[in-house]
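Trainee: Next come the chains, spelled out residue by residue.
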Amino acid sequence: MTTARQPNRLGEGGLIDRSQTVRFEFDGAPLAGHPGDTLASALLANGIRLVGRSFKYHRPRGILTAGSEEPSALVELRTGARREPNTRATMIELYDGLSAASQNRWPSVKFDVLAANQLFGPIFSAGFYYKTFMWPPTFWEKVYEPMIRRAAGLGRGAGVADPDHYEKAYAFCDVLVVGSGPAGLAATLAAARSGARVILCEEDFRLGGRLLAERYEIDGKPARDWVETVEAELEAQPECRILRRTTVQGVYDGGTYAALERVNDHVLKPLAHEPRQRLWRIVAKRVVVCAGALERPIVFGNNDRPGVMLAGAVRSYVNRFGLAPGRRAVIFADNDDAFRTASDLAQAGIEIAAAVDGRRTPSRAAQEAAEAAGARYRAVAVIERVRGLHGVKGVEIRDEKGRERMACDLIAVSGGWNPTLHLTTHLNAKPQWNDRLAALVPGALPPGMSVAGAARGTYGLAACLAEGEEAGAKAASECGFAASASRPRASDESVTASPLWQVAESKGKAFIDFQNDVAVSDVKLAACEGFRIPEHLKRYTTLGMATDQGKTGNANGAAVLAAVTGRYIGAVGTTTFRPPYTPVAISAFAGHHRGPDFRPARLAASHGFAEEQGAVFVETGPWLRALYYPKPGEEPQDSVNREVATVRGQAGVCDVSTLGKIDVQGKDASIFLDRVYANTFSTLPVGKARYGLMLREDGFVLDDGTTARLAEDHYFMTTTTVNAVKVMQHLEFCQQALWPELDVQTVSVTEQWAQFAVAGPRARDVLQGVVDPAYDLSNAAFPYLACGEVTVAGGVPARLYRLSFSGELAYEIGVPARFGEALIRAIMEAGAPFGLAPYGTEALGVLRIEKGHPAGGELNGQTTAHDLGFGKMLSTKKDFIGRFMAAREALTDPLRPTLVGLRPLAREDRVRAGAHLIPKDKEATARNDQGYVTSIAFSPSLGHWLGLGLLSRGPERHGEIVRAYDHVRGGDILVEVRPPCFIDPEGERVRG
Amino acid sequence: MAKRPFHAVSALAGLAVPTRLGEGRGDPGVTIEERVGLGLATVAARKGQAEALKGAVASAYGVELPDGSRVAHGPSISFVGYGPGQWLAVSESLVNETLARDLGQRLRGLASISDQSGGRAVLRVSGPRARAVLAKGLPIDLHPRAFTPGSAATSTISLMGVQLWQVDDAPTYDLAIFRSVSASFWRWLTASAGEFGYEVVGRER
Numbered sequence: 003m004t005t006a007r008q009p010n011r012l013g014e015g016g017l018i019d020r021s022q023t024v025r026f027e028f029d030g031a032p033l034a035g036h037p038g039d040t041l042a043s044a045l046l047a048n049g050i051r052l053v054g055r056s057f058k059y060h061r062p063r064g065i066l067t068a069g070s071e072e073p074s075a076l077v078e079l080r081t082g083a084r085r086e087p088n089t090r091a092t093m094i095e096l097y098d099g100l101s102a103a104s105q106n107r108w109p110s111v112k113f114d115v116l117a118a119n120q121l122f123g124p125i126f127s128a129g130f131y132y133k134t135f136m137w138p139p140t141f142w143e144k145v146y147e148p149m150i151r152r153a154a155g156l157g158r159g160a161g162v163a164d165p166d167h168y169e170k171a172y173a174f175c176d177v178l179v180v181g182s183g184p185a186g187l188a189a190t191l192a193a194a195r196s197g198a199r200v201i202l203c204e205e206d207f208r209l210g211g212r213l214l215a216e217r218y219e220i221d222g223k224p225a226r227d228w229v230e231t232v233e234a235e236l237e238a239q240p241e242c243r244i245l246r247r248t249t250v251q252g253v254y255d256g257g258t259y260a261a262l263e264r265v266n267d268h269v270l271k272p273l274a275h276e277p278r279q280r281l282w283r284i285v286a287k288r289v290v291v292c293a294g295a296l297e298r299p300i301v302f303g304n305n306d307r308p309g310v311m312l313a314g315a316v317r318s319y320v321n322r323f324g325l326a327p328g329r330r331a332v333i334f335a336d337n338d339d340a341f342r343t344a345s346d347l348a349q350a351g352i353e354i355a356a357a358v359d360g361r362r363t364p365s366r367a368a369q370e371a372a373e374a375a376g377a378r379y380r381a382v383a384v385i386e387r388v389r390g391l392h393g394v395k396g397v398e399i400r401d402e403k404g405r406e407r408m409a410c411d412l413i414a415v416s417g418g419w420n421p422t423l424h425l426t427t428h429l430n431a432k433p434q435w436n437d438r439l440a441a442l443v444p445g446a447l448p449p450g451m452s453v454a455g456a457a458r459g460t461y462g463l464a465a466c467l468a469e470g471e472e473a474g475a476k477a478a479s480e481c482g483f484a485a486s487a488s489r490p491r492a493s494d495e496s497v498t499a500s501p502l503w504q505v506a507e508s509k510g511k512a513f514i515d516f517q518n519d520v521a522v523s524d525v526k527l528a529a530c531e532g533f534r535i536p537e538h539l540k541r542y543t544t545l546g547m548a549t550d551q552g553k554t555g556n557a558n559g560a561a562v563l564a565a566v567t568g569r570y571i572g573a574v575g576t577t578t579f580r581p582p583y584t585p586v587a588i589s590a591f592a593g594h595h596r597g598p599d600f601r602p603a604r605l606a607a608s609h610g611f612a613e614e615q616g617a618v619f620v621e622t623g624p625w626l627r628a629l630y631y632p633k634p635g636e637e638p639q640d641s642v643n644r645e646v647a648t649v650r651g652q653a654g655v656c657d658v659s660t661l662g663k664i665d666v667q668g669k670d671a672s673i674f675l676d677r678v679y680a681n682t683f684s685t686l687p688v689g690k691a692r693y694g695l696m697l698r699e700d701g702f703v704l705d706d707g708t709t710a711r712l713a714e715d716h717y718f719m720t721t722t723t724v725n726a727v728k729v730m731q732h733l734e735f736c737q738q739a740l741w742p743e744l745d746v747q748t749v750s751v752t753e754q755w756a757q758f759a760v761a762g763p764r765a766r767d768v769l770q771g772v773v774d775p776a777y778d779l780s781n782a783a784f785p786y787l788a789c790g791e792v793t794v795a796g797g798v799p800a801r802l803y804r805l806s807f808s809g810e811l812a813y814e815i816g817v818p819a820r821f822g823e824a825l826i827r828a829i830m831e832a833g834a835p836f837g838l839a840p841y842g843t844e845a846l847g848v849l850r851i852e853k854g855h856p857a858g859g860e861l862n863g864q865t866t867a868h869d870l871g872f873g874k875m876l877s878t879k880k881d882f883i884g885r886f887m888a889a890r891e892a893l894t895d896p897l898r899p900t901l902v903g904l905r906p907l908a909r910e911d912r913v914r915a916g917a918h919l920i921p922k923d924k925e926a927t928a929r930n931d932q933g934y935v936t937s938i939a940f941s942p943s944l945g946h947w948l949g950l951g952l953l954s955r956g957p958e959r960h961g962e963i964v965r966a967y968d969h970v971r972g973g974d975i976l977v978e979v980r981p982p983c984f985i986d987p988e989g990e991r992v993r994g
Numbered sequence: 013m014a015k016r017p018f019h020a021v022s023a024l025a026g027l028a029v030p031t032r033l034g035e036g037r038g039d040p041g042v043t044i045e046e047r048v049g050l051g052l053a054t055v056a057a058r059k060g061q062a063e064a065l066k067g068a069v070a071s072a073y074g075v076e077l078p079d080g081s082r083v084a085h086g087p088s089i090s091f092v093g094y095g096p097g098q099w100l101a102v103s104e105s106l107v108n109e110t111l112a113r114d115l116g117q118r119l120r121g122l123a124s125i126s127d128q129s130g131g132r133a134v135l136r137v138s139g140p141r142a143r144a145v146l147a148k149g150l151p152i153d154l155h156p157r158a159f160t161p162g163s164a165a166t167s168t169i170s171l172m173g174v175q176l177w178q179v180d181d182a183p184t185y186d187l188a189i190f191r192s193v194s195a196s197f198w199r200w201l202t203a204s205a206g207e208f209g210y211e212v213v214g215r216e217r
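Chains U and F, in that order, are what the protein sequence lines are. According to our numbering, the first sequence is numbered sequentially starting from 3. According to our numbering, the second sequence is numbered sequentially starting from 13.
Hint data in this document are derived by calculation from the structure and do not stem from the laboratory. It is possible that part of the hints are untrue.
[To be verified] Below 16 Å or equal to it, Euclidean Cα-Cα: the simulated EDC-like pairs (lysine to aspartate or glutamate) are: (1) Lys59(F) to Asp715(U); (2) Lys15(F) to Asp774(U); (3) Lys59(F) to Asp745(U); (4) Lys395(U) to Glu353(U); (5) Lys511(U) to Glu398(U); (6) Lys15(F) to Asp767(U); (7) Lys59(F) to Glu734(U); (8) Lys395(U) to Glu406(U); (9) Lys15(F) to Glu831(U); (10) Lys287(U) to Asp153(F).
Every value quoted in this text rests on a predicted model; they were computed, and no experiment measured them.
Sequences and hints are given; from them, build the entire structure.
Mentor: Next up, the structure:
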């Protein structure tokens with residue numbers, strides 16, 4: 003078993019299961035690790051330090067951290083459709099069969115051609131894009147863009163659809179705890195013991211936070227034992243829910259938090275029926291942020307070489323993952339905490355070449371820690387340069403005595419810690435600079451939030467435990483649950499900072515932002531060019547703009563900017579942290595809503611029938627409607643022509659269930675309708691329907707439709723499909739806000755009725771074969787605009803309306819939706835002898851354009867009743883919504899474009915919707931623009947194209963020839979202005 | 013007259029087919045049933061008639077109309093509050109249109125009634141994981157401390173409007189959705205219930 007050898011794995015210790023082997027592959031090489039490993043730890047255990055190439059200069063990069071802040075160790079995870087680029091090796095839980103590859107390198111990570119970019123470093127400096135791609139403008143599309151696209155980006159996307167399912171979920175709790183380090187566990191325990199509903203979110207797959215990585219003791223026992231005890235107790239609390247592998251990504255109004263749970267990222271492929279990831283929306287009365295702190299590097303020459311690692315990460319790899327990240331280490335730090343690493347390294351048998359203390363005054367604690375571990379303590383010293391290309395081979399140290407070269411393969415670096423305060427700022431609170439900690443700490447907190455432990459700048463273990471417990475108990479008690487304290491005992495380390503930030507005398511590139519390759523020189527240049535505010539510096543240099551959002555780089559960037567501009571760092575400020583805290587895949591935001599479920603589709607009751615008939619569907623609002631019903635071999639236009647001809651010649655049937663339908667009831671229903679419609683409805687007799695026009699408050703047309711009076715106090719209103727919701731909202735507003743005194747009740751019954759239009763000269767014959775014989779459909783008994791209740795199929799309740807959109811003899815018949823499918827089949831059967839055929843929305847459109855009825859193209863929110871030729875419908879005998887504003891000068895201007903019909907002068911010409919109407923002999927300029935074409939159709943009834951349009955003084959110009967000039971498609975034809983109605987202008991057919 | 017009698021097609025016909033699906037190990041986490049043939053109607057109190065309506069409903073149907081987002085069950089009709097003076101009436105015995113007709117006769121002048129029996133699909137989701145399934149789309153807290161039998165809510169699930177009410181502590185929930193989105197809703201529901209295993213119950217249709 004050659005793959006099982008892990009040269010850097012320690013013989014014992016850590017939270018890995020050495021009894022089991024996990025096999026994986028990196029850049030095609032078979033390797034092995036253990037359960038409990040991350041990809042990063044497994045690579046290190048296998049002696050692999052070089053993991054990828056950097057973004058801009060293609061510099062060799064390794065593993066800097068052991069957490070989600072990792073800027074360097076980005077890999078392509080998985081293969082094929084599941085390939086995911088820019089995945090942090092430190093966050094990938096190792097699983098059997100894992101396959102990962104280094105990225106941004108060609109042909110291999112060791113030998114990368116584009117590494118030559120480093121030679122051109124000066125070109126790629128701050129503001130590179132802005133400076134380089136300015137001119138000539140013609141180069142943009144052909145030269146610059148393709149060049150940038152080829153060079154930019156890191157990993158490759160899968161390029162095919164993600165085969166996995168993602169979902170969203172809602173959770174509610176009294177107390178949400180973010181992070182399960184000492185403060186988080188103490189907070190959760192205190193809150194959970196009170197009986198409050200608690201949710202604990204931990205980004206890691208294991209609870210414990212830093213306790214997993216350190217050799218602390220709590221209550222006299224190893225801290226890990228305490229973690230296990232607490233975990234067991236929390237698991238047993240019925241109202242406590244632990245979400246592992248879950249990162250709280252954002253804070254939103256009203257105590258709402260977004261959290262991403264990586265449900266199945268740690269297995270080869272998601273378990274059947276389970277999502278890959280779940281995006282939680284958590285609503286919590288209180289939140290306790292115990293997100294810990296992020297260590298920051300020191301900026302020095304070649305500080306990006308594989309083998310340079312944060313001191314805390316070194317301790318994680320040694321203590322938690324049981325491996326030696328190097329054989330000979332140098333510690334380079336400016337705080338006592340980091341020199342504790344010496345003891346951990348020594349216990350793991352790793353030689354310590356030197357402990358280099360960058361502070362201006364020697365530290366006794368650091369010296370003792372170093373020397374106790376057998377390391378040479380170098381006070382007031384710095385690393386000027388790292389030697390080695392593909393990994394650390396040594397360092398050049400300088401102190402008061404001079405320079406010294408030293409061999410090593412690991413540099414444990416620490417420039418102190420930054421509280422992880424991102425969540426405290428998502429609602430716009432500004433963090434505050436704290437001199438004692440030399441870091442930003444949370445400022446004003448959003449409502450319901452408290453912060454405990456390192457996230458607040460409290461670094462001692464005992465203090466973290468106490469603070470966490472107190473915060474958890476307080477949060478619970480604010481939710482009405484009494485909490486008691488238990489106070490676990492632990493020692494406390496004091497933390498003071500005197501940060502070094504950067505080694506000014508560095509040789510070689512000294513990096514601040516590893517992921518975006520921003521070095522000290524870039525910040526200097528930017529400051530020189532006037533970009534002296536962190537927000538500006540960020541945009542100009544891209545510092546902090548990578549997927550890690552500068553978690554390890556921002557503080558150093560601000561410090562360098564402060565130094566360069568001679569300012570106090572506390573006055574420099576910071577950039578704004580926004581959600582998400584770590585990168586989230588778009589799929590997680592989409593959740594279930596992709597493909598056909600991008601949004602819900604509304605299907606009419608006859609949908610199955612239409613599918614059977616081979617209908618082609620179209621989205622109209624949320625509905626899927628049959629567009630046309632092609633017969634085998636029929637082109638779309640042929641199908642539409644045939645459907646129109648069938649309606650004009652025999653009869654057709656069309657599903658109109660999608661129209662909005664609203665029951666308007668109550669003693670004052672008539673008054674209500676008189677106010678919401680521009681025309682009068684109180685005079686409508688029971689058993690009759692009327693066309694109605696609704697205006698907005700501002701006087702423009704809102705919607706139109708027919709409303710039938712079923713009883714004295716019961717109207718049945720219809721709206722257009724697209725405006726159904728808008729009209730319902732409008733009515734509710736009128737009812738509740740404008741006239742609450744009226745006795746009127748409205749409710750949508752759109753879904754209740756499956757409704758079909760049967761239109762054509764044989765429509766009556768067809769319906770007689772459907773409606774029960776007791777009902778007389780003759781013109782005398784059931785004239786145009788009649789309506790009433792009937793029964794079909796021997797007693798099924800139905801409503802019949804004699805309405806026409808097509809201009810033909812036509813009816814609409816509605817049945818409860820469960821009978822919709824039966825009704826369409828009955829209509830088809832009854833209509834067969836008369837040549838009836840189904841028609842879709844395309845034919846519906848042609849029929850109404852031939853008839854000059856305005857619809858979507860004309861009811862566009864910019865037209866008035868006058869514009870549409872409905873001026874006479876505006877009642878002068880009553881008040882109604884929009885009446886006053888419709889009388890405004892501009893809205894009654896006779897020059898306003900008004901509805902006309904348009905017929906091409908050359909009959910073979912095609913009229914185009916959107917074409918502008920210009921006087922015949924005038925130039926096609928904006929000055930001469932007098933209107934435009936709103937709807938077009940090929941009229942099979944007339945044998946040529948025709949259009950509807952809005953033309954200034956339209957009705958006065960019938961017979962005039964104008965230009966229809968189409969800028970977009972280059973069309974320029976002559977059309978004759980006509981009355982909008984092309985078919986049966988006297989309206990004899992509808993009354994037939 | 014139509015040549016043959018009309019066959020009613022329920023909203024989830026062909027979808028809610030009795031079967032066991034999703035995770036197959038152990039007992040199903042939820043059972044799902046389409047409640048077909050229900051009488052459904054909206055009841056909206058006429059202006060100033062709220063008290064009279066309550067009295068009329070109490071004497072006609074033996075149930076007190078609930079205030080707020082609650083459901084009250086009478087011997088023949090349950091009333092689910094969904095707005096001030098607005099209820100969805102649900103009945104197993106007064107099926108389909110007969111419910112609206114009955115309400116219309118008995119509550120004449122006191123309430124506006126609209127038949128909705130064809131416009132809604134009512135799904136019954138029950139079982140130990142019912143809350144976990146609904147949490148994947150419903151932004152309402154169903155924890156027993158917040159929502160109990162008798163509680164009702166008008167909300168959305170996965171962008172679709174829903175009225176739901178809790179039936180018992182199993183827990184069992186009834187969900188009324190709009191008929192036209194049945195297929196979309198079914199895809200959401202089955203995708204969400206899959207990991208717990210679910211059983212579709214009801215008669216074969």
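Trainee: Give a verdict on every hint.
Mentor: Each hint tested on the structure:
Between Lys59(F) and Asp715(U), the direct Cα distance comes to roughly 13 Å. Compliance with the 16 Å bound is thereby established for this hinted pair. For a cut-off of 16 Å, the pair hint linking Lys15(F) to Asp774(U) stands: about 10 Å separates their Cα positions. As the CA atoms of Lys59(F) and Asp745(U) are separated by approximately 5 Å, the hinted pair is consistent with the 16 Å bound. Between Lys395(U) and Glu353(U), the direct Cα distance comes to roughly 14 Å. Compliance with the 16 Å bound is thereby established for this hinted pair.
In summary, the hint linking Lys511(U) to Glu398(U) is supported, as the alpha carbons are separated by about 14 Å, within the 16 Å threshold. Among the hinted pairs, Lys15(F) with Asp767(U) is consistent with the structure: their alpha-carbon atoms are about 14 Å apart, no more than 16 Å. For a cut-off of 16 Å, the pair hint linking Lys59(F) to Glu734(U) stands: about 15 Å separates their Cα positions. The suggested pairing of Lys395(U) with Glu406(U) holds, with an alpha-carbon distance near 14 Å, which does not exceed 16 Å.
Annotation: proposed proximity of Lys15(F) to Glu831(U) holds, straight-line Cα distance about 8 Å (limit 16 Å). Of the supplied pair hints, the one linking Lys287(U) and Asp153(F) holds, its CA atoms being roughly 13 Å apart against a limit of 16 Å.
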